[in-house]
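Chains as they are written, first to last, in UniProt numbering: chain A, 1 to 313; chain B, 1 to 490.
For the record, the hints were derived by calculation from the structure and aren't laboratory data. Treat each hint with caution, since some may be false.
[To be verified] Label pairs and their computed distance ranges (CB to CB):
| no. | chain 1 | residue 1 | chain 2 | residue 2 | range |
| --- | --- | --- | --- | --- | --- |
| 1 | B | Ser333 | A | Ala22 | 39 to 45 Å |
| 2 | B | Arg194 | A | Arg308 | 41 to 47 Å |
| 3 | B | Ala366 | A | Leu202 | 29 to 35 Å |
| 4 | A | Leu305 | B | Glu371 | 49 to 55 Å |
[To be verified] Not close to chain B: a few residues of chain A, all C-beta gaps over 12 Å, as computed:
| no. | residue |
| --- | --- |
| 5 | Phe29 |
| 6 | Leu91 |
| 7 | Lys152 |
| 8 | Ala180 |
| 9 | Trp181 |
| 10 | Ile184 |
| 11 | Gly187 |
| 12 | Trp200 |
| 13 | Val255 |
| 14 | Val259 |
| 15 | Phe280 |
| 16 | Ile297 |
[Claimed, not checked] Listed next, the stretches of chain B that the computed footprint assigns to chain A, with coverage defined by at least 3 CB atoms under 8 Å from CB atoms of chain A:
| no. | region |
| --- | --- |
| 17 | 79-90 |
| 18 | 97-107 |
| 19 | 348-354 |
Every value quoted in this text rests on a predicted model; they were computed, and no experiment measured them. Cβ coordinates follow ideal geometry from the N, Cα and C atoms, glycine included.
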Amino acid sequence: MNALMPSPRLVRAALPALSLAALLVAIWFVQPRAISYFGFNLMLNLAMPIAFATIAQLCVITVNDLDLSIGAFVSFVACVGATWLNATPLLGVAVLLGAVVVYALVGALIHLRNLPSIVVTLGMSFFWLGCSVLLLPSPGGSAPAWLAALVKVRTPLVPFAILVSAALALVVHVGLMRSAWGAILRGAGGNPVAVARAGWSLLRTKVTMFALAGFFGVLSGLSLVGLTTSADANIAIRYTLLSIAGVILGGGEFVGGRVSPVGAVLGAMTLTLAGSLLSFLRISPDWQIGAQGAILIVVLALRALVNRLERRR
Amino acid sequence: MDAPSASAIVQLEGVRKSFGAVRALAGVDLDVRAGECLGLVGHNGAGKSTLMQVLAGTLAADEGRLVVAGDDITASAGVAAARAHGVVCVFQELSLCPNLTVAENARVMHRAFRGFGWRKRAGAAMAAMLDDIFPRHGIDPADVVADLSIARRQMVEIARAFLVTDEPLRLVILDEPTSSLDQVVAEQLMAFVRRFVARGGSVILISHLLGEILATSDRVVVMKDGRVVETRPARDFTRDSLVAAMGSVAAREDEKRAAAAQPAGEVVVEARPARQADGRSLRARRGEIVGLAGLAGHGQTDLLVRINAAAQGREPHARVAGAVAFVAGDRQSDGVFPLWSIAENITIRSLGGLRRFGLIDPAAEARMAEEWRQRIAIRTPDMGNGILSLSGGNQQKALFARALASDAGIVLMDDPMRGVDVGTKQEVYGMIRAEAARGRTFLWYTTEFDELRHCDRVYVFRAGAIVAELAANEITEERVLQSSFAEEAA
Numbered sequence: 001m002n003a004l005m006p007s008p009r010l011v012r013a014a015l016p017a018l019s020l021a022a023l024l025v026a027i028w029f030v031q032p033r034a035i036s037y038f039g040f041n042l043m044l045n046l047a048m049p050i051a052f053a054t055i056a057q058l059c060v061i062t063v064n065d066l067d068l069s070i071g072a073f074v075s076f077v078a079c080v081g082a083t084w085l086n087a088t089p090l091l092g093v094a095v096l097l098g099a100v101v102v103y104a105l106v107g108a109l110i111h112l113r114n115l116p117s118i119v120v121t122l123g124m125s126f127f128w129l130g131c132s133v134l135l136l137p138s139p140g141g142s143a144p145a146w147l148a149a150l151v152k153v154r155t156p157l158v159p160f161a162i163l164v165s166a167a168l169a170l171v172v173h174v175g176l177m178r179s180a181w182g183a184i185l186r187g188a189g190g191n192p193v194a195v196a197r198a199g200w201s202l203l204r205t206k207v208t209m210f211a212l213a214g215f216f217g218v219l220s221g222l223s224l225v226g227l228t229t230s231a232d233a234n235i236a237i238r239y240t241l242l243s244i245a246g247v248i249l250g251g252g253e254f255v256g257g258r259v260s261p262v263g264a265v266l267g268a269m270t271l272t273l274a275g276s277l278l279s280f281l282r283i284s285p286d287w288q289i290g291a292q293g294a295i296l297i298v299v300l301a302l303r304a305l306v307n308r309l310e311r312r313r
Numbered sequence: 001m002d003a004p005s006a007s008a009i010v011q012l013e014g015v016r017k018s019f020g021a022v023r024a025l026a027g028v029d030l031d032v033r034a035g036e037c038l039g040l041v042g043h044n045g046a047g048k049s050t051l052m053q054v055l056a057g058t059l060a061a062d063e064g065r066l067v068v069a070g071d072d073i074t075a076s077a078g079v080a081a082a083r084a085h086g087v088v089c090v091f092q093e094l095s096l097c098p099n100l101t102v103a104e105n106a107r108v109m110h111r112a113f114r115g116f117g118w119r120k121r122a123g124a125a126m127a128a129m130l131d132d133i134f135p136r137h138g139i140d141p142a143d144v145v146a147d148l149s150i151a152r153r154q155m156v157e158i159a160r161a162f163l164v165t166d167e168p169l170r171l172v173i174l175d176e177p178t179s180s181l182d183q184v185v186a187e188q189l190m191a192f193v194r195r196f197v198a199r200g201g202s203v204i205l206i207s208h209l210l211g212e213i214l215a216t217s218d219r220v221v222v223m224k225d226g227r228v229v230e231t232r233p234a235r236d237f238t239r240d241s242l243v244a245a246m247g248s249v250a251a252r253e254d255e256k257r258a259a260a261a262q263p264a265g266e267v268v269v270e271a272r273p274a275r276q277a278d279g280r281s282l283r284a285r286r287g288e289i290v291g292l293a294g295l296a297g298h299g300q301t302d303l304l305v306r307i308n309a310a311a312q313g314r315e316p317h318a319r320v321a322g323a324v325a326f327v328a329g330d331r332q333s334d335g336v337f338p339l340w341s342i343a344e345n346i347t348i349r350s351l352g353g354l355r356r357f358g359l360i361d362p363a364a365e366a367r368m369a370e371e372w373r374q375r376i377a378i379r380t381p382d383m384g385n386g387i388l389s390l391s392g393g394n395q396q397k398a399l400f401a402r403a404l405a406s407d408a409g410i411v412l413m414d415d416p417m418r419g420v421d422v423g424t425k426q427e428v429y430g431m432i433r434a435e436a437a438r439g440r441t442f443l444w445y446t447t448e449f450d451e452l453r454h455c456d457r458v459y460v461f462r463a464g465a466i467v468a469e470l471a472a473n474e475i476t477e478e479r480v481l482q483s484s485f486a487e488e489a490a
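Chain B extracted, bound-state conformation (with noise of 0.2 Å):
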């Protein structure tokens, strides 16, 4: 590590974060300069969202020590301790109160809004710096948030956060702060960026529009598995060699498969993103796994559900030939039914066909319950436990069992390996690819790079359209990267 210099603004040294088994910080030390702006930039699950909330003390450190203005604030890290030396947060989603008015939200931040005449003061602040950032920006003190579009809202957020009121300002981190401003609105941001540098604060930027990052920053940082791998001067990069900073390039290109030889199966889904401008659609045939890539949250899960909907005939814009089964990637909130056994949890997709007289046939249930167990190898020692009573990876597999103990010819999976062990991970992407031998049809969202290589087509997504389409031995971390990641604002 280089020795800390004298004008840093925050010193973070060797933290470290873990969710339960999931590692997301692995050691960062990083530091920040008065009058600097940092780029932040790393793949998905790098830890630079954690990392942010370590810094503006929502989330507390495992390990580690955090130093901001010249006081170790690593003891009594907190929003309060965060706020006190002067680093304010812009998180990625969204985090004004929609029943508040733009006014009533800036009070909610800044404290010194109070006491007689505050609605009036926190307005006049608010309307002065919104002018200030975003000239002609059409926003109201007096307007409720809820009747704001999503990029109003964004800059009330924005300029919330740069207001000064009691407490000092010394860095302000920027969490994708162009995700839904447009070219005109985001270049304003970054021009005031670059002025409120000059005047000696700091800005952590992060960004997935590289060219954005490039032209602000004086430091990129780049993130990769919980680490920071590289930092240096902004002009010592290129686009390519940030790409190619965030992969791991050389490591894997041995284990890219041959193009297996193309099931010319018929096309069994058809559907056209909401946000596409250009004529791409996402097609798969049947037999085939295709892979939806790209960062988190640029509408993968979007096309999914949409696709979903349309298998139950309520979605025009898609067109799908055959039953469609969901595995949902986020287990706790529309995977399992928590009060149920692992047996009723594996049979509720398929209880149209476990019927004898209109009710359910017990024994019917049984037998399918049993036989998955054996299949996907569920460890646990009676199928009528409750399906809480499992492992994380063993609840996976559990709604794999759903999915493909139904007749659905079409499996749609939202990320479904989020938070599981290896060991299970290997087992599932065995039964994905014998079940497409068979016939199925995968459409398979994920975040992880490694998953990719299943697949056989691979889409990348970017701001809720597909920006590219690789076959099997187009497939490398690298392309994925280089379209996940756009030149200019999209």
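In isolation and in its complexed conformation, chain A is listed as follows (with noise of 0.2 Å):
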């Protein structure tokens, strides 16, 4: 083993790191000053969702899952947030712990019935989408004053947007990578076989990912309608790729149970300031989504280089 590089491991842990820290060098080099506190919280506002939506598609993943409903549903729970947690909370939390009990149950049918997930989850996310627009035919609703409240809550020093996904990646870090039951979730992923061997239940691990998959998406579309203040049925539609990207440009695989949580939530803050340092270059939004599709290419090339250097040893 050569002493002088590092580690591949290392260079693929700390890769989420470095591509948010040439960004934020990109970002100063064009607009110095959004490098600032006033900056940050505009920029990384909508980082909190994005950041939640990203952390539940991790945990889809983790069991070698692709959910691609998390969208619609994060659109689904800000439309609850708009009307019903508003006019009538007790219906609107019952609505979205309902929901939750029915992220869980895609999962076991996923499990038992031995579906394709993606199948399955697309199917989910016109389920949704149509749940949003009987909801809220039109664009409109309020969110909680309380919650509104909570989201733009200004900390001293660093913008609460930046706490909070640093609280997230913590907690989920420590639940998911250092806990003794976190450690038979991701071997799930890894090699179910021997997990079930060991006299483990997959479907219970599917249930439990799938559960919190939807716990964080009720996170995420919370916070989104917080910032909003009203909603949409279309509201969250691009989150579904959005999360994937962050999960990937994280670190993460999409088979074999590999997933970082502090690299999937720096994924996500990459991908949104990648959106405001393209409207600094003065890059219409028509290419905007081209250009972060070009971000994404770039990352991940470096990563295939990294895995090319992890065969190679």
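The task is to assemble the complex, starting from two chains supplied on their own in separate frames and drawing on the hints.
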């Protein structure tokens, strides 16, 4: 083993942080004034719901599945937040709890019937979209005042969104990467047969992970509607792809239970800031999606390089 | 059956298990005593692995009784019951989670590692056990398993099985534990097994290294065709008597075929296995049927895949003259197109010749399908039916038709007769001989000894390399077994 070269594992873990740092340097270069409390507050406001959605996706990817309904689900939660949660809080809370249960049931269905998660969750995305349209046919509604106040709290020194993201990354890291139960949950993604042979229930791990995805999806929708104060059935449709990109950008793999919660949160922030950088560069919104894709390709190409380094060892 | 001794840790009585029409275990009686190492040997498909899975609780027996440490656990059989009674199995294929660390993998198996500081406790326990079994192993409990070499992974897996936490440990089953360990490490393990046994534990050792079995075991059990055929103290066996017990040498001597007039055709395939250290290589002449024998998973399929790749110019270490067709053994995963019709499954390899104006000519396709239905008697009312409407044997015939209908002069067969009924087999054997007489070359990997009788020449594989080449008049079960089981670690 070469002592001079950093281990590929380290490079891999550092890549999300390095991408974020590179992006920050670029922003500072283009628009120095953005690197301030106020600037970060503006730029990273929307990082909070995206980070929650990314963690939700990470839970599903950990057990080798993919959730194509998270965007529609977050939209649905936002619609509930802007209507029932405001008018009849009890009903609102009950519906959100019920939605998490539905997520858990989807996980059970996928495991018991051995269905491809992509198909099931794609179907579920239409289900959530339909519910949202029934609930809020046209954009509108209003978020509960307490929610709006909560997400716009001005914390000293460091913006609230960064604090929340850091706390989220820390909690999920401890739960999934350090705890004894987290080892089982990740093991179920790495070698399901081995985990089952050791006497663990794969059904339980899958239901747990999907329920957690639903839970973080609810947090994402609520923080989103708190920021926007009104909702729309399509408000978070693009979160589906953003969340997948965030997980992969953060060092996760689609299969094999290799995930990194800290990396995923950094990935979500990177994707959010990429939008700001492109605005600073005066790239028209028409091109922004393409440019975001280009950033993703560059980072993933670097990842492929790291992987090759790992294999060569 | 002899009376179960008082110190029996595990008793199996009349255990039967079938997978569909295939009978894997045909009534096995076995007892393992406290403080002994029991060697278990047998050729492919003798039922060793199935028996161990029943013992470890990952498979339920169809019939029979399973008594562990005095408790009859037939009704409650399962992984949890086996573990609660102190039975642990190290499976042949690795069952570690590659994305977890060594310590985390210990946690997956041992529920006692939980609560605050579990990681440290699991890591310390694994490090101590590894030190005990494999001195100077060089494994850190914080290492991620995916980063370890295959040998080190096997060491981790073995050490994990011998850890004692809150459950007792009475019997450890080692299924080919040394398959990827080098000689020194394998000897460390065998020495540890003797220490473990001396302390009153029991071990079942499955290995194809007969020297290892004879040196380490107290008793040796020989299995054949889903039954226990011999149980004797290890000192009463020699390598030769063990090989003789595994085979059925006497019964079939008369069938030996005289060496057919060797077709002196040109060599059309020449390939060297990746792990071949000496100069040997596999050669096949035009019109020859060449068998690839040896225990399952010792490099035969790899070599066929290499030859297939060579035909497409993607493999420099093999030389192939002519087109190649591949008959897959695992029908479901890489044989049939499950959603296609029988006709489409047969013609896919030949579509190049069935074109008209660059598109597939449906009439020509139907003609070809119909021709092959008659030639190899696929039992179906309509070749347009889905391939899954056929029985397993007829599906396999369709896959043969795919290869034979093509322009390929060389047909590679990857143990294609798994789970095929006897009648169909005889028909296919006839087809292969007829096609060979017409100048086609067959490379035939098979795990069934009887099929080797149809071959002109047989290469025996062990540990990824060719260890013997047998001419037609030398092909006996004993010769193949002698070569498949090495005296010492290869």
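Verification of the hints:
One distance hint, 39 to 45 Å for the beta-carbon pair Ser333 (chain B) and Ala22 (chain A), holds here, with the actual separation near 43 Å. With their beta carbons about 44 Å apart, Arg194 (chain B) and Arg308 (chain A) fall inside the hinted range of 41 to 47 Å. About 46 Å separates the C-beta atoms of Ala366 (chain B) and Leu202 (chain A), a value inconsistent with the hinted range of 29 to 35 Å. Taken as a hint, the range 49 to 55 Å holds for the pair Leu305 (chain A) and Glu371 (chain B), whose Cβ atoms sit roughly 53 Å apart.
Taking the minimum C-beta to C-beta distance to chain B, about 37 Å, the non-interface status of Phe29 (chain A) holds against the 12 Å cut. No Cβ of chain B approaches the Cβ of Leu91 (chain A) within 12 Å, the least distance being about 39 Å, so the stated non-interface status holds. Distance to chain B confirms Lys152 (chain A) as a non-interface residue, since its nearest Cβ pair spans about 37 Å, more than 12 Å. With a cut of 12 Å on Cβ distances, Ala180 (chain A) falls inside the contact zone with chain B, its closest approach being about 4 Å.
At roughly 8 Å, the least C-beta separation between Trp181 (chain A) and chain B is not larger than 12 Å, which violates its mark as non-interface. With a cut of 12 Å on Cβ distances, Ile184 (chain A) falls inside the contact zone with chain B, its closest approach being about 6 Å. Not every CB of chain B lies more than 12 Å from the CB of Gly187 (chain A), the least distance being 4 Å, so the non-interface label is violated. For Trp200 (chain A), the requirement that its beta carbon stay farther than 12 Å from each beta carbon of chain B is not met, with the minimum near 7 Å.
Residue-level check failed: Val255 (chain A) sits 10 Å from the nearest beta carbon of chain B, not beyond 12 Å. Remark: the non-interface label on Val259 (chain A) conflicts with the geometry, its nearest Cβ contact in chain B lying 9 Å away (cut-off 12 Å). At the 12 Å boundary, the C-beta of Phe280 (chain A) stays outside the reach of chain B, the nearest C-beta of that chain being 38 Å off. Listed as outside the interface, Ile297 (chain A) is consistent with that label: its C-beta sits roughly 25 Å from the nearest C-beta of chain B, beyond the 12 Å cut-off.
For the region 79-90 of chain B, the proposed coverage by chain A is satisfied: 3 residues have a C-beta within less than 8 Å of a C-beta in that chain, meeting the threshold of three. Check on the region 97-107 of chain B: 7 of its residues sit with their Cβ under 8 Å from a Cβ of chain A, so the three-residue criterion for coverage holds. Counting residues of the region 348-354 of chain B whose CB lies closer than 8 Å to any CB of chain A gives 0, so the stated coverage by that chain is violated, three being the minimum.
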